[in-house]
Structures are given as C-alpha cells and as structure tokens.
Amino acid sequence: MNNRYLIEANNLKKTFDTKDGGILKNIKKSRLKVYAVDEVTFKLEPREIIGLIGESGCGKTTTAKILLKLLNVDEGELFYKGENITHFKNRELSEYRKKTQIVFQDPYEFLNPRMNILNIVTEPLLINKQLNSENVKIDKAVEVLESVGLNPAKSFLYRFTHELSGGQRQRVAIARALILRPDLIVADEPTSMLDVSVRAGILNLLLGLKDQYNLSMVFITHDLATAGYMCDRIAVMYKGRIVEIGPKKEIIYNPRHPYTKALVEVAFDLKNFLENKDSFIKDGEVDSYEQNDYCSFEKRCVMMDANCKHDGHHKMQQVGENHFVACCKCEH
Amino acid sequence: MKKFNDNLKLFFSNKLGLIGTVILVGFILVAIFAPQIAPYDPYQRIGVPFGKPSMQNWLGTNDVGQDILSEVIYGTRISLLMGLLSAGVALIIGTIVGLTSGFFGGRIDTVLMRAVDISLVIPMLPLMILLAAFLGPSFWNIVIVIGILSWASPARVIRSQVLTIKNKGYIEAVKATGGKSSYIITKHILPPTLSIIISQLILMSSRAILMESSLSFLGLGDPTQKSWGIILYYAQSRSAFLSDAWIWWILPPGLLITLLVISFAYIGNSLEQIVNPRLRR
Chain A
1 MNNRYLIEAN
11 NLKKTFDTKD
21 GGILKNIKKS
31 RLKVYAVDEV
41 TFKLEPREII
51 GLIGESGCGK
61 TTTAKILLKL
71 LNVDEGELFY
81 KGENITHFKN
91 RELSEYRKKT
101 QIVFQDPYEF
111 LNPRMNILNI
121 VTEPLLINKQ
131 LNSENVKIDK
141 AVEVLESVGL
151 NPAKSFLYRF
161 THELSGGQRQ
171 RVAIARALIL
181 RPDLIVADEP
191 TSMLDVSVRA
201 GILNLLLGLK
211 DQYNLSMVFI
221 THDLATAGYM
231 CDRIAVMYKG
241 RIVEIGPKKE
251 IIYNPRHPYT
261 KALVEVAFDL
271 KNFLENKDSF
281 IKDGEVDSYE
291 QNDYCSFEKR
301 CVMMDANCKH
311 DGHHKMQQVG
321 ENHFVACCKC
331 EH
Chain B
1 MKKFNDNLKL
11 FFSNKLGLIG
21 TVILVGFILV
31 AIFAPQIAPY
41 DPYQRIGVPF
51 GKPSMQNWLG
61 TNDVGQDILS
71 EVIYGTRISL
81 LMGLLSAGVA
91 LIIGTIVGLT
101 SGFFGGRIDT
111 VLMRAVDISL
121 VIPMLPLMIL
131 LAAFLGPSFW
141 NIVIVIGILS
151 WASPARVIRS
161 QVLTIKNKGY
171 IEAVKATGGK
181 SSYIITKHIL
191 PPTLSIIISQ
201 LILMSSRAIL
211 MESSLSFLGL
221 GDPTQKSWGI
231 ILYYAQSRSA
241 FLSDAWIWWI
251 LPPGLLITLL
261 VISFAYIGNS
271 LEQIVNPRLR
281 R
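Protein sequence lines, in the order shown, are assigned to chains A and B. Mind the numbering: the first sequence is residues 1 to 332 in my numbering, read in order. Mind the numbering: the second sequence is residues 1 to 281 in my numbering, read in order.
Please note that the accuracy of each hint is not assured.
[Unchecked claim] Just so you have them, the derived chain A footprint on chain B, three or more residues with Cβ under 8 Å: (1) 175 to 183; (2) 187 to 196.
[Unchecked claim] Some but not every residue of chain B turned toward chain A, in silico, with C-beta under 8 Å: (3) Gly-51; (4) Lys-168; (5) Tyr-170; (6) Glu-172.
Keep in mind that the hints were calculated from the coordinates and are not lab data. Glycine is no exception: its CB is placed at the ideal position from the N, C-alpha and C atoms.
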C-alpha cells in the first residue's frame, strides 16, 4: 500500500435497520434496511479538496461520520496514510482523531452555549492533554482565532456563542477544528445555514486555510455551484452510492450521468431546466429502502430502459482521465 | 450571572415559590436553633405524665412526662435531616442510573429502564415496611430504605434530559476530537442536568419526609430519635386519639409535617417551571 493518499475509502457500506414500533409488526414482515452508504470508494490526496454532493438523504453525512470514525462501517475498509484504520478502537484512534476534524452544518448546534469562546476553541487541546498553562491556552486561542479572521481575537475570548453572528460562529467552529493542526477537515455543509452574504467569506477562508495549513478537505454540499468553487474533484452521490466522480471541470462541463446532468442544468441554465424538466429527471425523492444491483437512479432516470436491467451494473466505468461514472449508457 | 438573576426573579415572581421558601427557611432556623428555642430538654422528664397544656408546658406532656413542645421543636431537626438525606441517596442513585441509561443507551438502557418500571409499579408502602423491618430501626437504615425506594422517578427525568443533550452537535464534535465518555458526561452533560437534579431533590425531599413519618408512625422508625413520626407513634400507642390529648399531642406534629411537605412541593414546582420552560404560563 503506498502512502500517496491521505485517505482511501474502499467499498464503504453502512445500512441502518428501520425501527417500527409494535411487537406484532416485526413478526409479520422482516425489518426494512436503509442503505445509507453503499460501496462508496474514493481516494483523497494530501492538499486536495473533494466535494461530496447529492440531495438530502443520499448518504453524504453518513459518509462523513464514517470518515471521522463516528460510525463504524458494516463492510469495506478505510485507510489513513496507508494504514488500515477500519477496526481501530478508542485508544488506537487517538492519533487519527487529532488529525481529522469536522465542521458541522449548524454552528448553533455545534458550539456548547454554556462555554465561552476561549474554552470552546481550546477544548480539543484539553481533551488531548496539550494544555500546560492558562497562558498557553490564551496564546493558542488568539493565534487560531486570528487565522480564521476574528479580529481582534482577544475581544472574542470571553464571549458566549449567543453573542456572535452566524458567520462568526462558523469561524469559531473552524478555529476549533484547526487548533490541533489536522491533516483533514470534513466540512459538512458549512455554509448552508448561513446568509448568502457571508457564505463567500467562509468559503474563501477555508480555501486560504487549506494553503496555509496544508489541509485536505472533504467538502459536503448539495449545491453544485459551491462545490465547483471549492473543490478539486467532485463525487456525486445518489442513494448511498457514488454515481459519478471526477475532476470538477469534467463534472461541470462534461457530465455523463443523467443525475449529474440534471444537477448541472439546474445550476447553469435554470430556465432551460424548468422548461424541459421531463427530459432531465423524473419527480421523486430518495427512497433508500430498496437497492438493486444495476442502478440506484432507476426510478428517476429518463434514460432508463429494459437494457439497463439487462446489462447494467452499478460498478464504475472510466469515461475520461480520472473520470468515472456508474451508468451503462455512458460506456465508451 | 444575568441568567441567574433572571431565574431568581422568575422564581420569586411565583407566589407559591416565595411562600414555600419562607416556610422552609423558618423550619431550617428552628432546626438549627432548637436548643435555644425549646423550653426544655425533650429527653428529660419535667412534669407529670399525660399533663394537659399549661403555662409551663404549652402543649402538655407525654406519657413519661416529657415536654411535647420541646419534642416537636427537636423533631424538626430529625425530620428535616432525614428527608434531605433520603432524597440525597435517592438522587445519587437516580442520577447515576439516569446518566448511564441515557448516555450509553442500547441494552444497558433497556435493562435499567425495566428496573425503573418495576420499581415504580411495586406498591411502595408494603415493601418499605418489609425492608425497614428487615434492616431494623435506626436512623441510617431508614435513610437507606427511603433512598433505594425512590430513585426511580428522578432517574427517568434525568435520563430524558440526558437524551436531549446527547444528540446535540457539540457532543458529536467532542467525540470527533477524541473526548472520552467520562469527559463528555462531566463536562457537557452533567452541568445542564444539574438544575433538574436540584429540583428533583427538592420534590423528593417532601416525599421522603412523608415516608419517614409513615414508617415512624408504624413503629419502624428509630425509637431513640425524636422525629415527628415517632411522636405520633407514641401518641397513637398511648391512645391519644381516644381522649382530648389529640389536640395538643397529635395535631401539632401532623400540621408541621403537612406544612413542611407543602413548602418543599411549592419550591420544587417553582423550580421546575424555571428548569422546564414549557410549564411557564
């Protein structure tokens, strides 16, 4: 195993059992399984930003939690710098935990309202026993707060989260993620709860920090435009599977999968999309209960025909340099 | 600090809470200064047995000639202390159970919550009598009996609070940075649960005082301690109910028990309104 990649996700699989109440129900029919993440495979190089995009419920956040080892996978393997960490338990994980951090979607939820900014930001140091004295604590907090653009940092230290704006809170959350100098930051829709006016600021901040701290990033979003701005590569997910993955230019200018095509059309030519909606996608929502072997996009695909069931399979086909797609109509 | 002041204002804006506090403070003062307030030593024979109220003995004397007023005043100490200690034991057990059950979930949760169900369903009084008789009458045995019989409902309440906090994003963030369970519980889950623990402690105290009185009245209390329940027990066994003596021998401790329980209940309810905003009007 070479160490060229920071993270290698290999065939990750995670299903959840649905819980339906009542004793009798369970006897009648077996429990349904939700395929949250199904055979997700990708590799992440150092200093690379990969975007996971897809609609809500498609498994983006579950993938993120698996990457951070907050959830265990049912199947598949996860490598960090060539080391298999799939089955690592608490103690073995402590190194990995220092090197990977998360920034959540909702900065209101992410920060404990009872703690002041100083304690929130330095908590990762406390947990990992890297705090020697109060002075070190304040110095480190000031340094990291300045690097996320909260100036003057000293004036923020003893404030509480409810005294900050949404954008400021998200900056605090990013500062907290940075203080341990991680290799990887998983950003789970970091801007979707923010006002449009402060989004660009946060995105540019993340891009700047990536260069400054040599970060890799997994950037989760449902917005193709944001992904196009931030990412080096984009992976499009549908129903727990990656349906198309490739460099962002390929995805945006040369989408191959029908779902990606619809996404791109919405982002770049909304008028055309609305006028010819039926030629792009069928209405419906993600229903992750059933999963078939040939195509996860079956029910909403406009190109679906009998051949798909016959020769289709959801394995990825290479269609260009580093560009893979899971659709039998796109083979070349 | 501002929040604390707000809560204080909210607490006292509720008249019942204020009344309860005043009564409770009164009881605490009486308990602390019992030797100064009481006219006689309650363990000393100072008059004729079964004496009627007089200028020397405002509430008369009991069957062995001890001053009933002094007994009642000293009884405040035992009853109050017993109530608070028993509630403390109940809350310690309840907090541990509620925290583990809520935080770890899964099979542990199922097992502990079934135990809570059982404990809530069992008829309290017979079991209490059985346990008290089995352990024998002493101050600490009564505290333990009441404690282990009333942990269940605080455990429930605390568990539900833990469940709410557990799913907050910042808990997940702490996990992602490598925080251990013990760290998460002490730093992030216990502090916001503390207010609920305190309000439960107050409510449990009023129940514990009632339970202590019942046990003592049934003759299962510590006969060497002068609690209100014990006074009632002796009054009953000396047939005070059948003579005029009930007016000065049974009524005073009975009323005081009621008053103390009510004051705890008032305080507990007002505290709950602060802790649980949905109860506010």
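**Prompt:** Hint by hint, which ones does this structure get wrong, listed from lowest number up?
**Reply:** Those not satisfied come down to hint 3.
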